[in-house]
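Here is how the chains run, residue by residue.
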Amino acid sequence: MSSSTDLQTHIGTPTEPHHQSHEHTHPSDRSYIVIAVILAVITALEVGTYVFEDWFEDAGTGVLIATLFPMMIAKFAIVCGWFMHLKYDNPIFRRIFVFGLVLATAVYMAVMTSMQLFG
Amino acid sequence: MSDLAVETSPTLEAEEHHGTSTGISNEKLAMWVFLGSDCLLFGALISTYLLVRHNSTSGPEALREPANVFDIPFTSVSSFVLLMSSLTMALAVGAIHRGDVRRCRGFLATTALLGATFIGGQVYEFTAFYNEGLGYTTNLFGSAFYTLTGFHGVHVSVGIMFLMSLVVMSLRGNLGPDKAETVEIFGLYWHFVDIVWILIFTIVYLIP
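Chains as they are written, first to last, in this note's numbering: chain A, 1 to 119; chain B, 1001 to 1208.
FYI, nobody ran anything at the bench for these hints, they're computed from the structure. We put the beta carbon where it would ideally sit given N, CA and C, even for glycine. Each hint should be verified, as a subset may be incorrect.
Claimed, not checked - Distance ranges between label pairs, derived from CB positions:
hint, chain 1, residue 1, chain 2, residue 2, range
1, B, Gly1173, A, Asp54, 56 to 62 Å
2, A, Pro70, B, Gly1173, 28 to 34 Å
3, B, Ala1062, A, Met112, 25 to 31 Å
4, B, Leu1171, A, Arg95, 24 to 30 Å
5, B, Leu1040, A, Ile92, 37 to 43 Å
6, A, Val34, B, Arg1103, 31 to 37 Å
7, B, Arg1102, A, Phe52, 44 to 50 Å
8, B, Arg1102, A, Thr113, 49 to 55 Å
9, A, Asp58, B, Arg1103, 46 to 52 Å
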């Protein structure tokens, strides 16, 4: 019996059949709609930076980037976490996707830095 | 002997469901690996765009700078449409998991319609830029912009074709609750296309 517990700990995944755990963790339609409203609001805020273009021009590109990037990352994370179920699904999917994302970011940041994009 | 039987039971249980040693669906795993690798493709296109967008030396002066070319209000509406298509896709996945095939079909068709609206907007945008004098070979900015947004457009178009296939499968009665994972895996692709646009909209359009 103790061997079984050890094995479960070693595997680190639930022994419950996949479909059962999946059904329990699916967000409801209402949750999806709330998430979409949040995404729409963030998009509206992003577009707001264009509406107040003159102010951001005076403030500088750095301020614009510092305003837009957190919103972009938030939208990205919300879609990945809830719509793509990365928040609820097997962690291996998250690891695979994050690996690709981190690799792409690291490689192309290195390329852009070596080509003096950042001055 | 009995210890061995107890030790292997969790794996066997997992194998029973997906028929894999990991207990994870191979198709879903393959889609995630594909999406992870697609990050590298779009990373290459976005970084190339960032590197060359201000380096145009040919073509009309006014068409060398992105800020002079883009129609942000129009693209904002397109972005909103694509964002909402992610919602309808998520609702389609939710519906098929509940066994509501008819509702799922409706949401899949709506997603395809919203995707087609986005592509229509992109075709209109490309046509407008071309009429202003910005062709694919006019300058570096034009080449990088059309390649990046064009590749994204191809992804959306492929997605629309898959969506239509799912709708046809559903109409023929071949897309029941037993195929919920097929819809879910396609949903991953569609949401990925959406998150790539989230990056493009901010990096390409909103930051001059």
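Here is what the structure says about each hint:
no.: 1; hint: B:Gly1173 with A:Asp54: 56 to 62 Å; result: 58 Å, holds
no.: 2; hint: A:Pro70 with B:Gly1173: 28 to 34 Å; result: 47 Å, violated
no.: 3; hint: B:Ala1062 with A:Met112: 25 to 31 Å; result: 27 Å, holds
no.: 4; hint: B:Leu1171 with A:Arg95: 24 to 30 Å; result: 38 Å, violated
no.: 5; hint: B:Leu1040 with A:Ile92: 37 to 43 Å; result: 19 Å, violated
no.: 6; hint: A:Val34 with B:Arg1103: 31 to 37 Å; result: 19 Å, violated
no.: 7; hint: B:Arg1102 with A:Phe52: 44 to 50 Å; result: 45 Å, holds
no.: 8; hint: B:Arg1102 with A:Thr113: 49 to 55 Å; result: 53 Å, holds
no.: 9; hint: A:Asp58 with B:Arg1103: 46 to 52 Å; result: 50 Å, holds
Checked against the numbered hints given earlier, this structure breaks hints 2, 4, 5 and 6; the rest are met.
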